[in-house]
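Novice: Letter by letter, the chains look like this.
Protein chains: 2
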Amino acid sequence: VAEEGEFDRIARLFRPLARKLPGALGLTDDVGFLPPAAAGEALIVTTDTVVEGIHVLPGASPLRMAEKVLRVNLSDLASKGARPLAVLLNTALPHELPAGWLDAFAQALGRDLDRFGAGLLGGDSVATTGPVTLTLTAIGSVPEGLMPRRSGARVGDTIWVSGTLGDGALGLRAARGDLPGLSGEDASWLADRYHRPQPRLALGRALLGTARAGMDLSDGLPGDLVHICRASGVGATVDLAALPLSDAARRAIALQPALERRAWAGGDDYELLFTAAAVDEQAVREAGTAAGCPVTPIGRIVEGSGPPLFLDRTGHPVEGLRGWTHF
Amino acid sequence: VAEEGEFDRIARLFRPLARKLPGALGLTDDVGFLPPAAAGEALIVTTDTVVEGIHVLPGASPLRMAEKVLRVNLSDLASKGARPLAVLLNTALPHELPAGWLDAFAQALGRDLDRFGAGLLGGDSVATTGPVTLTLTAIGSVPEGLMPRRSGARVGDTIWVSGTLGDGALGLRAARGDLPGLSGEDASWLADRYHRPQPRLALGRALLGTARAGMDLSDGLPGDLVHICRASGVGATVDLAALPLSDAARRAIALQPALERRAWAGGDDYELLFTAAAVDEQAVREAGTAAGCPVTPIGRIVEGSGPPLFLDRTGHPVEGLRGWTHF
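First to last, the protein sequences are chains A and B.
All residue numbers for the first sequence refer to the working numbering, where the first residue is 86 and numbers rise by one.
All residue numbers for the second sequence refer to the working numbering, where the first residue is 86 and numbers rise by one.
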């Protein structure tokens, strides 16, 4: 029967990824049972699609695609303080994929699922005449009532980010060989930041009860912060000089100063953007220390309804910062 | 900001589809809360991807695509006796879509969600250089312990199907104008059977406690029944003369007898395939009557581990029946 090849292939490659989840029924059924939430916790779900040539480079390796599609979803869970439990995977694959592509993809996904403590609950596998298109849906668990929403920011809150910003946007350039003059080490470090998002799961968890609003930075600070402002009915001012930049990003900008705006506004960082009451500064810093992830205050929530205001070193607004660096 | 156009568009088109689900947070956040299961019920999840030109005709209308991607998923829930609660939708759309495509899609999806009692919990919207690619993930609720699995068939069970078989495969031909001589009315009826799966939700629910194994027919009887046999560790014999065919299918076959094999084996019917103990024949028939959906016994579960045996009118095995009619 035509289907048996596909059936056996799924069994061989993907069933091992489901072994931790009894509800996956060994991927032998049409449905999976959602894992139960722990006492006092609620289940949340998020989903993202990754298209070859749009969200990853054309011809991206199966390793890159597996890590990207899983981690961008786990980053959403991280921003909500959730613990990852289970994922569903839908693959739409062209017929002309290199031999071994799916094997390498499944192995990479399995390693990453193990690393982050989640399992494969189900999915679908179809053919496409287009580019590799992957949809991953991630299910996580959060303590009831503590999840930071986009709508939770209050006037007077401090705006924080985790890690460093701009590495994703500069890393995309590095991956394409567009940062001439930069050391190979810096270029490779930045490219890795673009290729392999680091979901800030420990930080998100440590911030529960402290972070009032939260989301992850995928489209760039200007494009993402506006969502918090709109959902919360507030304004924001950001001190651009306060944005945390990596040493590699600083060196790239020293070579090509125009890149600074890209670092401020570019996407693909998958750091956390969150707000907390000003009195909770110490609690935020302790969460960062506990999670082993730097946290930096970058601005303040203010009254208002316009887009966030980005101020330069002299306190003047910088106009025209745009997020979203997909190519 | 670049994202605001997309943000507003999603709000306008899709937020109304989320209004029934408080956990969707108005589609203004990065995640949604899964709806709680009712007492004594468990949540199940299923997901399917639909690609333009593979699972629907090239250039399929937004109405056709919305109905297809929702209903093929609800059909999986139906086969498990589940009540649909919530769906997630991921769209990957080419830039050159006709104006108004997404509006028409969202309207059609909204109507169908209302019809089947589910709401939109979240999703993602990306661009693609390939064909329209839609992934829908459906969450439903089933009474604990009653869900028919693929692995539940027992030797001696009667094999049943709902509705009529082969309409999907013949309907695909009708939709492409490949059934010369057939009346316009029959061609249109068959094409509709291909375009608009009818998830047998009421029947699936009525069969809870009676159906032992169950799944929906998407790839065709031979390709799908083998899954039940493998998962259950049993064999099966099917009496091809017993397969329920619609009047339109019978007339198409009368014009072109070679189509009979396609009707037996073709996919895209989205009828239920299930087994029940022989003593439960009356209970199955009553479930069919209660649900307003015909049910037909077509064979028996037997000992064995090979592929199902399909017997013609004279009791001889028919070889080489293959499912899966995607073009």
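Honestly, I wouldn't trust all of these hints.
[To be verified] Residues from chain B shown here face chain A by an in silico Cβ test under 10 Å; the list is partial:
| id | residue |
| --- | --- |
| 1 | Gly117 |
| 2 | Gly125 |
| 3 | Leu128 |
| 4 | Thr131 |
| 5 | Glu137 |
| 6 | Ser146 |
| 7 | Leu206 |
| 8 | Thr213 |
| 9 | Trp274 |
| 10 | Asp277 |
| 11 | Val311 |
Read the hints as simulated data drawn from the structure, not as lab findings.
Every residue gets a Cβ at the ideal spot worked out from N, C-alpha and C, and that includes glycine.
Novice: Next step is simple, just say for each hint if it's right about the structure.
Specialist: Do the hints match the structure? See the list:
no., hint, verdict
1, Gly117, "6 Å, holds"
2, Gly125, "14 Å, violated"
3, Leu128, "4 Å, holds"
4, Thr131, "4 Å, holds"
5, Glu137, "9 Å, holds"
6, Ser146, "19 Å, violated"
7, Leu206, "7 Å, holds"
8, Thr213, "5 Å, holds"
9, Trp274, "27 Å, violated"
10, Asp277, "23 Å, violated"
11, Val311, "6 Å, holds"
Violation of the numbered hints given earlier is confined to hints 2, 6, 9 and 10; the remaining hints are satisfied by the structure.
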